[in-house]
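> Numbering (numbering that gives the first Met the number 0), first residue to last: 0 to 188.
What the hints contain is simulated information worked out from the structure, not anything from laboratory work.
C-beta atoms are modelled at their ideal positions from N, C-alpha and C, and glycine is treated no differently.
There may be inaccurate statements among the hints.
[As the list claims (entries may be wrong)] Distance ranges between label pairs, derived from CB positions:
#	residue 1	residue 2	range
1	132	170	36 to 42 Å
2	83	150	26 to 32 Å
3	103	176	33 to 39 Å
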Amino acid sequence: MAKVFDQITQNLQDFIQQQSLFFVATAPLSDSGHINLSPKGLDSFRILSPTRVAYLDLTGSGNETSAHLQENGRITLMFCAFQGAPMILRLYGTGQTLLPGTPDWDAKRSLFPEIPGMRQIIVVDLDRIQTSCGQGVPLLSYDGQRDSLVQWSAKKGVEGLEAYQQQKNRVSIDGLPTPLAGRSPSNAP
Numbered sequence: 000m001a002k003v004f005d006q007i008t009q010n011l012q013d014f015i016q017q018q019s020l021f022f023v024a025t026a027p028l029s030d031s032g033h034i035n036l037s038p039k040g041l042d043s044f045r046i047l048s049p050t051r052v053a054y055l056d057l058t059g060s061g062n063e064t065s066a067h068l069q070e071n072g073r074i075t076l077m078f079c080a081f082q083g084a085p086m087i088l089r090l091y092g093t094g095q096t097l098l099p100g101t102p103d104w105d106a107k108r109s110l111f112p113e114i115p116g117m118r119q120i121i122v123v124d125l126d127r128i129q130t131s132c133g134q135g136v137p138l139l140s141y142d143g144q145r146d147s148l149v150q151w152s153a154k155k156g157v158e159g160l161e162a163y164q165q166q167k168n169r170v171s172i173d174g175l176p177t178p179l180a181g182r183s184p185s186n187a188p
């Protein structure tokens with residue numbers, strides 16, 4: 000049975016901190032636009048307050064989340080228990096993208112480890128926090144984080160990542176601009 004909370008409680012915070020994976024979902028306003036659902040790992044999630052969270056977003060093949068947030072701000076984060084007692088936790092809210100050099104970047108950036116390929120930080124103000132049973136989620140064992148994205152980013156280097164982001168991360172698959180669209184390569188993350 001679903002339970003709704005007005006903030007992240009200590010029990011929910013403990014649950015979040017035990018998870019090695021979370022999912023991010025966003026969508027454009029267009030009926031024909033593509034809904035985005037992305038898995039996230041590594042040490043990339045932080046609870047800023049009982050109603051505010053953030054995650055460190057790494058360079059990837061697209062930048063759908065930022066495009067959708069810039070257009071409409073809607074975002075949902077989901078955590079699932081793959082071990083132990085079953086539970087699903089969804090964090091609903093409005094998000095914004097922080098880029099290097101923007102106000103609040105340094106303060107938020109200091110909360111995360113140095114991970115090659117960091118592109119932006121997504122900050123979410125929560126307006127609904129909801130749990131559900133999760134009894135249909137399978138039990139899975141955790142073997143560790145993959146390091147292939149980190150290695151790929153380290154190999155590309157700062158200039159290579161800037162070029163990649165300018166080529167692949169400036170617009171969504173539906174043609175929506177991302178916050179990176181307004182940045183020249185010289186001030187790209």
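> For each hint given before, does the structure comply? Return the numbers of the non-compliant ones in rising order.
When the structure is compared with the hints, only number 3 turns out to be violated.
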